[in-house]
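Asker: Following the hints, complete the assembly by docking chain B with the ligands onto the known chain A.
There are 2 protein chains.
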Amino acid sequence: MQNQFDVIVVGGGHAGTEAAAAAARLGVRTLLLTQNLDTIGQMSCNPAIGGIGKGHLVKEVDALGGIMALAIDQAGIQFRTLNASKGPAVRATRAQADRSLYKRAVRRLLEDIPALQLFQGMVGDLLMEGDQLAGVILETGLVLRGPQVVLTTGTFLGGRVHMGDQSYAAGRAGDPPANALAQRLRAMAFPVARLKTGTPPRIDGRSIDYSVLEAQPGDTPPPAFSFMTQRIAVPQRACHITHTNIRTHEIIAANLHQSAMYGGHIQSVGPRYCPSIEDKVVRFAAKSAHQIFLEPEGLDTHEVYPNGISTSLPFTVQVELVRSMRGLENAVLLRPGYAIEYDYLDPRDLHLSLESQRLPGLFCAGQINGTTGYEEAAAQGLLAGLNAARRARDLAAWTPGRHEAYLGVMVDDLVTRGLDEPYRMFTSRAEYRLQLREDNADLRLTPHGRALGLVNDARWTAFSTKQDIVQAERRRLEGLRIHPGSASAGRIAAKTEQPLSRDVTALELLRRPDWDYVSLLNTLELPLCTDAQAREQLEIECKYAGYVARQHDEITRAARWEGTDIPADMDYAAVRGLSTEVLQRLARQRPQTIGLASRIPGVTPAAISLLLIHVKRRGLQQAG
Amino acid sequence: MQNQFDVIVVGGGHAGTEAAAAAARLGVRTLLLTQNLDTIGQMSCNPAIGGIGKGHLVKEVDALGGIMALAIDQAGIQFRTLNASKGPAVRATRAQADRSLYKRAVRRLLEDIPALQLFQGMVGDLLMEGDQLAGVILETGLVLRGPQVVLTTGTFLGGRVHMGDQSYAAGRAGDPPANALAQRLRAMAFPVARLKTGTPPRIDGRSIDYSVLEAQPGDTPPPAFSFMTQRIAVPQRACHITHTNIRTHEIIAANLHQSAMYGGHIQSVGPRYCPSIEDKVVRFAAKSAHQIFLEPEGLDTHEVYPNGISTSLPFTVQVELVRSMRGLENAVLLRPGYAIEYDYLDPRDLHLSLESQRLPGLFCAGQINGTTGYEEAAAQGLLAGLNAARRARDLAAWTPGRHEAYLGVMVDDLVTRGLDEPYRMFTSRAEYRLQLREDNADLRLTPHGRALGLVNDARWTAFSTKQDIVQAERRRLEGLRIHPGSASAGRIAAKTEQPLSRDVTALELLRRPDWDYVSLLNTLELPLCTDAQAREQLEIECKYAGYVARQHDEITRAARWEGTDIPADMDYAAVRGLSTEVLQRLARQRPQTIGLASRIPGVTPAAISLLLIHVKRRGLQQAG
Ligand SMILES: Cc1cc2nc3c(=O)[nH]c(=O)nc-3n(C[C@H](O)[C@H](O)[C@H](O)COP(=O)(O)OP(=O)(O)OC[C@H]3O[C@@H](n4cnc5c(N)ncnc54)[C@H](O)[C@@H]3O)c2cc1C
Ligand SMILES: Cc1cc2nc3c(=O)[nH]c(=O)nc-3n(C[C@H](O)[C@H](O)[C@H](O)COP(=O)(O)OP(=O)(O)OC[C@H]3O[C@@H](n4cnc5c(N)ncnc54)[C@H](O)[C@@H]3O)c2cc1C
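Protein chains in written order, with the numbering used here: chain A, 23 to 646; chain B, 23 to 646.
The set of hints was computed from the structure by calculation and includes no laboratory data.
Some clues are possibly wrong.
Have a look at the derived ranges for each label pair, beta carbon to beta carbon [unchecked claim]:
id	chain 1	residue 1	chain 2	residue 2	range
1	B	R305	A	Q154	27 to 35 Å
2	B	R380	A	Q606	57 to 65 Å
3	A	A211	B	Q205	31 to 39 Å
All values reported here derive from a predicted model rather than from experimental measurement.
Even for Gly, the Cβ is constructed at its ideal location relative to N, Cα and C.
Just chain A, with the same shape it has in the complex (with noise of 0.2 Å):
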C-alpha cells in the first residue's frame, strides 16, 4: 500500500463515504480509513432515508454526483412523497430501506471509483509536522500521510452507552469507541463539547399484533431519489401505525427517574426534534397519544423499528412501555433502546468549506460538528471532501449559498451561529425555500457539480437531455396559441366553466391553478412529454414563478425590520404558527428586536416573518 495520500477521510458513516466519494471523483488520491470494512455505510438509527428537509439534502447530494440517493434507490422497501399535496417546496422523498441493503450498495459504490482507496484501521491520532497537519497514525502505529484529512467520527469519539442507570464505553451498540482520538483532540485544544441522542428498542416482528394496525403503503409507483434511476426494482413493504397512550405515558412518567436522561447521568443536550419518548411526554404533557411508525428493518428479516419512542429508560420499563400500546401487547424485543453521548467539535472553528480555521487542511464532517442524521452528514461529507480535494489542487474552496442550496443554508447556519443542541434541517431553515426544492435540486447544483468535476458524463448528458426537453417542451406550450372561439378554446372553457376572453398560449393556461400538465394536454388533445421529470419540472416551474417572486420580495421587506422592537410583555404563545421549539426558545430570551430574535439559534426565518406580521398587526391594533 502506498501511504502517502491527497486526502484522507477519516470514519465510513455517511459523511465519511460521501467525503470519499466526492474527494476520489476529483481524481485525487484519497484513502477511506474506517474502523471496520463491514460497517461502512451503517444506518446506526432508523432504516430510513429523507423526510422533509432531509430529502432535499439527498436530492442536492445527488445533484452533485454524490452516492447517497443511488444507494437508497438499490435499496429502499418503500417510497413515498411527503406532503404530496401540498406546496412543492415541502414536497419531500422519503424510503424506508433495507439495512444491510444498503450497506452492500454503499460498498459497491464506493469500490467503482478508481481514485479511492479503503481500509480498515482505527485512527488514534493526528500526524504534525511542526504545526502543520501531515497525515494519521492508526493505533497499531501505522503512518499514512496526507496534508488534508477529514474527520467524519459519528458518535464515536469518547462514546457513552446509556440505559436506566447503567453506562459503558462504546461508539454505537456493538462498536467500540474512539478513545485516543477523542483524548487526542481535547489534548490538542479543539474545542469539544458533548452531545448526546438515543434510539429506540427493536421489536421482533413475529410478536406485533398486525391484523389491528393501520398499513401503510408506499406510493405506486415509488418515487426514486436520485435523478439517475429510471425505476426502482427491490420488493416493497408496507409500514404500520400504532399509537401511544395515556397508559403509555403514566409507565414513562412514573419511570422518569430511572431514565439516562431524566435521572443525571446524562448532562448533554440531546435533539429536540428526534426527542426522546420521555422528551415527548414532558414536553407535550397535554398530548395523549404520538403516532409510532413500525417500520421493517429488511426484505428478510423480521425486525422493526419502530419509529418515535427512541428511550433511555431502563430496559424492564422498556419492554412495559412497548407493550402498552396496540398490536405490541405481546412484544418482543430484540434490541433495547439507548442513548448515546459522544463528542463534538464546535463548528464555528470552521470555515464555510468545512476546513478548520485552527488547523489548516483539517476538515470536519457529519456528527462530529454537531449535527444529526445521515442526511445532514452525507451533504457536509461531500462538501468537506470537494474542499479537501480542492486543497490538495491549490483550487479555492467551494459551498454553495444559502439560495442555491440546504447544504448552504445548513454550513452557513452551523459555521456562523453553532449550535447548543444537535442541528438537524428543516425547511424552515431556509429563507430561499421556495427555490430550495426537490425537484430542482439538478437544476441548482448539476452545473455546479459539472464544473467542479463531480459529476460524470452520464449524469451530465441525463441532466442535459433533460434541460432541453424541459425547455423544448416549454417553447412548443408557448407557442401554442389558442384563440378564444376555437374548438380547443371550447374545450378549455367545458372544463373550467369561463370562456376566454382573449388568445392565450398553453404555457400561460399551465400556469394558472385550474391545470394540470396532463389534464391541460388531454383537453387541448396534445400528445403528452414522455419524460416524467421533465414534466415535472416544467409545471412547478410554471406554477411556481408567482410565489418565488413573492417570496423574494417578503425576504426584502424583512430585512427592513430587523431593528424593529418587540413589546417587552409580548405573549408569544400568542403568535399564530410558532412551533413549540420556537417559541420556547423566544419567551426563554424574550430579545428585545426582530434582528436579535432572527440570531437566536434555532429561530427560524419563517418564524420571524410570523413573528413580524404579529408585531405589525399588535402596532396597528394599539394604533387604532
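Answerer: Okay, now just chain B with the ligands, sitting in the frame of chain A:
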C-alpha cells in the same frame, strides 16, 4: 420480553447459531444473546465453508437438521468437491461464500424458528443461585434467567489483537472484546488458558493482475452441502492461484523478529494446521514456494482473501511480502493481517454432552473449547444446544460415538485428551473414517436427529424417500441376473474384455472396480434412477463394502499391538507417511509403547497404523 428461558445461548457465531437453532427446534424456550445482532453468522476469517474433514462436519450438522449447510447453499459463490478422484472417505465439499449473503442467510434461517428469540446484549457474568447456575447478567445489568447456558464466545474472551509489536484489546478487528465475562470465569476458577490464531491481510481485487494467474473455477453443476438443496441458485465466481517464492520467504525471514508471534509478544500456541506464513517459512524451510489461493469475498465487492498468508508481521512488511508474489506486484491492501490471542476453557472439564463437570447446566461449544474453524464450532454448537434442551426436559444427554460421526470423534478427542494447540478436524483423526463419509452423513445421523426432535417433517420425508429409492434401486439391481451368453453379457464382456463365467446380478457387477453406476446401467441398456443423491449412495455403498470390512479388521488388529514396544533408538523420520506434525510430537516425547504413543494428543489412529507397520517390519528385518 419474557426473561425466563430454558436455554440461553451466549454468542451469535457459528457455534452459537447452531446451538440456539438446535435447542429451539426441540421446542424449549431459547434465547440467543449476542453482542451485536448485525454480526450474527459473521465469518471472522476466510470466506469459505467445508474442506476435508470440515465438509464432513457440515454434512453431519445438516443431517441433524442444522443450519450451516443451508446457509452456505444460499450464499456460496464457488463450490467444489475436493479429492474427487480419490476414495469417497476423503472426498469433501468446499465452498466460497459471499460474506454478507452468508450472514443474511444465517439470520433468516434463525428467524424462521418459532421458539427462538434473539436479543442484542453483552454478557458480563453468570447468574448463580447458591452453587446453581441460574442464568446470565448483561453488562447493562439486565438479568436473564435460564438454568441451561451455552457459552460460545469464540475469540472474544479477553481477546487481544497483535500486529508487529503493537497490540490492543478486541474480540476480532473492529469488535470489542468480552473482558468482563473473561474476568468472571477466571474468578470462578474455570480452567482458563490462552490460544492464538491469525488472519491474512485482505487485498483490493482491482490491484491484482489476474491475467498472469491461474483461475480455479468451481465444479459444474456446483455440489451443494445440504441434503435438502436441489440446486445452487447463486451466481458463481472463480478463485485464482498464486505462490510465495524465495523472495517472499526472504522478506519474512528478515523480519521474523518483528512478528508478534516470533517477537515474543504472544506466548500462547496457534493452530499448526492453519499456520501463519511465518510458521510455514520457519517449519518448512526447505520449501521454496507455497500455494496461495485468492478467494473472492463476495459477488459485488473487489475484496479478496489471500488464503495461506495469515500473519502478524508489521503492516509494512505485510505489504512487501504480498507484493513479492506474482500477480500481486501492485497489490493494495484493504485490511491488515493480525494475530489474536484469547481465553479458552480446558475441554477436559466437559462431559461428552459438552456440559461442564464443574458447573452443571453450563455448556460450552466452539472456539471457547479450544477448537478452530467454523465447522468445528457449528457441530459442537448443535450438540451443546441439543443437550442443553434435553437437560431442560430432564432427558439423558446424547452424543454420537466415534464410529458414527466426526462430531463424535471431535468431542471424544476434546473431552478425553484436551489439547495443547487449537484443535481442527482431519479425516485422519477418525479410526472409522471409511464409514464416516460425506455421502452417508444422512444415513448415519438423520434417523438419530429425527428421534431427538431435530429433524423436521420436510427433511424426514426427503430422507425417507431417498432411502426408499436407494432400496428399490438396490433390489432392482439385485433382481437383475445376467446369464453368460445373453446379449447383456456380451456387451459387458466387450467392455471389460472378460466374459462372464457364471450368473451375476447387476448389483454384484456394480461392486466391481470396473464399473460405475452410469456406465453399467447404460451397458445393460437399463433406465437410470433419476435421483442423483440416491444413485451416489448406492454406488458408494457397493464399492465400499469391502474396504469398510477391511478397516474394521485393521482397527481390531491395531488394538492387539497396544503393548508393543517401540525401540529406544527409533528413527521416526524413517516411518513412511507420518505428517510433520506427528513426527515432531513422537520425536519429542519418544513413547515406550505403541499404546503410549496412541495417547499423545495429535497422534492420529492413522499414524499409529503406520508406526505399527514400521515397527513390525523393523522387527522382522532384525529377526531376519
Ligand atoms: C444511538 C444512536 C441514535 C441516533 N439517533 C438518531 C436520530 O434519532 N435521528 C437522527 O437523525 N440521527 C440519529 N443518529 C445519528 C445518525 O446515526 C448520525 O447522524 C449519522 O450516522 C451521522 O453520520 P456520520 O457519518 O457523521 O457518523 P457515523 O454514521 O456515526 O459514522 C462514523 C464512522 O466513523 C468511524 N470511526 C469513528 N472513529 C473512528 C476512528 N478513530 N478511526 C476510524 N474510523 C472511525 C466509525 O466506525 C463509523 O464508520 C443516532 C445515532 C446513534 C448511534
Ligand atoms: C483473526 C482470526 C483468525 C482466525 N483464523 C482462523 C483460521 O485460520 N482457521 C480457522 O479455521 N479458524 C480461524 N478463526 C476462527 C474462526 O473464526 C472460529 O473458529 C469460528 O468463528 C468459531 O466460531 P465460534 O462460534 O466459536 O466463535 P465466533 O465466530 O468468534 O463467535 C463468537 C460470538 O460470540 C459473541 N460474543 C462473545 N462474547 C460475548 C458476550 N460476552 N456476550 C454476548 N456475545 C458474545 C460474539 O459477538 C460472536 O458473535 C479465526 C478467527 C479470528 C478472529
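Asker: Checking each numbered hint in turn, tell me which of them this model violates, lowest number first.
Answerer: Failing hint: just 1.
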